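Enquirer: Could you slot chain B onto chain A? The hints should help.
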Amino acid sequence: MPDEKKIVFEGFYKDYAGKLYGVAFRMVNNRQDAMDIVQESFIRAYKNWEKFRNESAVSTWLYKITLNLSYDFLKKRSRDGILPIEKDFEDRRLDECHEKDIINADIVDSIKKEIDNLTPKQKTVFILKCYEELTYEEIARITNSRVGTVKATYFQVLQKIRKNLGGKKNGM
Amino acid sequence: MVCKRYERLLVDYLAGELSQAEQEAVKGHLKECSKCAGLFEEYRNLLEKSRQIDISVPEWQVWEKKLSEIKAVRPYRIRLLKPAVAMVSLLLLISVFFVRMTDNEKGKVARTGKNGYGIVLTKLPYPEKTILENIEYIDEESASKLLDVVLDTPVFTIDEN
Numbered sequence: 054m055p056d057e058k059k060i061v062f063e064g065f066y067k068d069y070a071g072k073l074y075g076v077a078f079r080m081v082n083n084r085q086d087a088m089d090i091v092q093e094s095f096i097r098a099y100k101n102w103e104k105f106r107n108e109s110a111v112s113t114w115l116y117k118i119t120l121n122l123s124y125d126f127l128k129k130r131s132r133d134g135i136l137p138i139e140k141d142f143e144d145r146r147l148d149e150c151h152e153k154d155i156i157n158a159d160i161v162d163s164i165k166k167e168i169d170n171l172t173p174k175q176k177t178v179f180i181l182k183c184y185e186e187l188t189y190e191e192i193a194r195i196t197n198s199r200v201g202t203v204k205a206t207y208f209q210v211l212q213k214i215r216k217n218l219g220g221k222k223n224g225m
Numbered sequence: 731m732v733c734k735r736y737e738r739l740l741v742d743y744l745a746g747e748l749s750q751a752e753q754e755a756v757k758g759h760l761k762e763c764s765k766c767a768g769l770f771e772e773y774r775n776l777l778e779k780s781r782q783i784d785i786s787v788p789e790w791q792v793w794e795k796k797l798s799e800i801k802a803v804r805p806y807r808i809r810l811l812k813p814a815v816a817m818v819s820l821l822l823l824i825s826v827f828f829v830r831m832t833d834n835e836k837g838k839v840a841r842t843g844k845n846g847y848g849i850v851l852t853k854l855p856y857p858e859k860t861i862l863e864n865i866e867y868i869d870e871e872s873a874s875k876l877l878d879v880v881l882d883t884p885v886f887t888i889d890e891n
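Here the protein sequences line up with chains A and B, keeping their order.
Counting from 54, one number per residue, gives the positions in the first sequence under our numbering.
Counting from 731, one number per residue, gives the positions in the second sequence under our numbering.
No wet-lab data here; the hints were simulated from the structure.
From a predicted model like this one, the values you see are computed outputs, not experimental measurements.
Wrong hints could be hidden among the right ones.
[As the list claims (entries may be wrong)] Below are the PhoX-like pairs computed for lysine-lysine, each with C-alpha atoms no more than 25 Å apart in a straight line:
no.	chain 1	residue 1	chain 2	residue 2
1	A	100	B	801
2	A	129	A	176
3	B	765	A	216
4	B	795	A	72
5	B	801	A	59
6	A	67	B	801
7	B	734	A	216
8	B	795	A	67
9	A	59	B	796
10	A	58	B	795
11	B	796	A	117
12	A	59	B	795
13	A	213	B	734
14	B	796	A	104
15	B	765	A	213
16	A	216	B	757
17	A	72	B	796
18	B	801	A	72
19	A	117	B	795
[Stated by the list, open to error] Chain B stretches covered by chain A per the calculated footprint, using a threshold of three residues with CB under 8 Å from any CB of chain A:
no.	region
20	737-745
21	777-783
Each residue gets a CB set at the ideal place from its N, CA and C atoms; glycine is no exception.
Chain A on its own, in the form it takes in the complex (with noise of 0.2 Å):
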């Protein structure tokens, strides 16, 4: 690979390397696995480069990419039957001790419980709408679907997620 085109892939590393990790772990909850597959991820698109024409191509190819491992690797961890063991969310319960920040947390965790308990696909459009700020267009072109599926997935996700968190609504 010429100089310049490995400069700019790096760029992309720099760049992206945290964002796909952000997916990845949300997507399977488990750090080294998360780890493996933004590794993978950038090892597919290295092999790739000199294939991609412009930015755009490149981060939604890789989120795809990304989606795709996680995909496959939450199928093969349910067929085996294994559970995530390590969990590696921040928790903020044991810095605070107000009661507010009590309640505070313990909506934050209901949340969590919520979004693990959606499907892949749900996942994914929440995870990349909601922490990677991306539009129903790019969300659509990654997931290969029609904005207005994604619209309407975002929107059930939220829904659903507010009637089943009916009960605490301390704080919301």
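Expert: Structure of chain B alone, referenced to chain A:
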């Protein structure tokens, strides 16, 4: 009762996916409808709390180490050349073998030890036993007539024992 049409618009509004006109319409409606305003707050809080589910991303040093591992991987283009090179090498070997087969020792004179000289009737390479079964023995004089150069420098010697 919450206005059904607005519930979806509220989510899209929070997602930053509405046009200027739609945003104005939502804002106007929220001022007039307290139930929709309450629902809007619920969704806003839900998203805010969802974003509090933070994760710790590994330090750059970790990624830097991984980057060098990634860069050690060869791009597909070069990897695809490998089998191509292997294929060309194999073809070259096969052609050299066939050239040798056509340019074999058949018809040449062999010194066979105690039975003297003979003309090899089979193609080479073959095991010595096969050669001995396919040899026409001739006396030294005939061998000399057939291939006079061979007498002093036979092509090869076969041990019949």
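Enquirer: For every hint, state whether the structure bears it out.
Expert: We went through each hint and held it up to the structure:
1. Simply put, residue 100 of chain A and residue 801 of chain B have alpha-carbon atoms about 9 Å apart, close enough for the 25 Å limit, and the pair holds.
2. Distance restraint check for residue 129 of chain A and residue 176 of chain A: the Cα-Cα separation of roughly 18 Å lies within the 25 Å cut-off, and the hinted pair is therefore satisfied.
3. About 15 Å separates the Cα atoms of residue 765 of chain B and residue 216 of chain A, which keeps this hinted pair within 25 Å; it holds.
4. Distance hint between residue 795 of chain B and residue 72 of chain A is fulfilled; the C-alpha atoms sit about 17 Å from each other, no more than 25 Å.
5. For the hint pairing residue 801 of chain B with residue 59 of chain A, the CA-to-CA distance comes to about 9 Å; that is within 25 Å, so the pair holds.
6. Of the supplied pair hints, the one linking residue 67 of chain A and residue 801 of chain B holds, its CA atoms being roughly 14 Å apart against a limit of 25 Å.
7. Taken as a hint, the residue 734 of chain B and residue 216 of chain A pair is honoured in the structure, with Cα atoms around 15 Å apart against an allowance of 25 Å.
8. For the hint linking residue 795 of chain B to residue 67 of chain A, the alpha-carbon distance of about 12 Å falls within 25 Å, and the restraint holds.
9. Restraint check: the Cα-Cα separation between residue 59 of chain A and residue 796 of chain B comes to about 15 Å, which is no more than 25 Å; the hinted pair holds.
10. At most 25 Å may separate the alpha-carbon atoms for a hinted pair to count; residue 58 of chain A and residue 795 of chain B meet this at roughly 19 Å.
11. Simply put, residue 796 of chain B and residue 117 of chain A have alpha-carbon atoms about 20 Å apart, close enough for the 25 Å limit, and the pair holds.
12. Only pairs whose Cα atoms come within 25 Å are accepted, and residue 59 of chain A paired with residue 795 of chain B is accepted, the gap being roughly 16 Å.
13. For the hint pairing residue 213 of chain A with residue 734 of chain B, the CA-to-CA distance comes to about 15 Å; that is within 25 Å, so the pair holds.
14. The suggested pairing of residue 796 of chain B with residue 104 of chain A holds, with an alpha-carbon distance near 22 Å, which does not exceed 25 Å.
15. Taken as a hint, the residue 765 of chain B and residue 213 of chain A pair is honoured in the structure, with Cα atoms around 18 Å apart against an allowance of 25 Å.
16. Simply put, residue 216 of chain A and residue 757 of chain B have alpha-carbon atoms about 24 Å apart, close enough for the 25 Å limit, and the pair holds.
17. For the suggested pair residue 72 of chain A and residue 796 of chain B, the alpha carbons sit about 15 Å apart, so the restraint of at most 25 Å is met.
18. The straight-line distance between the Cα atoms of residue 801 of chain B and residue 72 of chain A is roughly 20 Å, inside the 25 Å bound, and the hint therefore holds.
19. Under the criterion of a C-alpha separation no larger than 25 Å, the hint pairing residue 117 of chain A with residue 795 of chain B is consistent with the structure, at around 24 Å.
20. Interface restraint, the region 737-745 of chain B with chain A: holds (5 residues with C-beta to C-beta distance below 8 Å; minimum three).
21. Look at the region 777-783 of chain B against chain A: 6 of its residues bring a Cβ nearer than 8 Å to a Cβ of that chain, three or more, so the hint holds.
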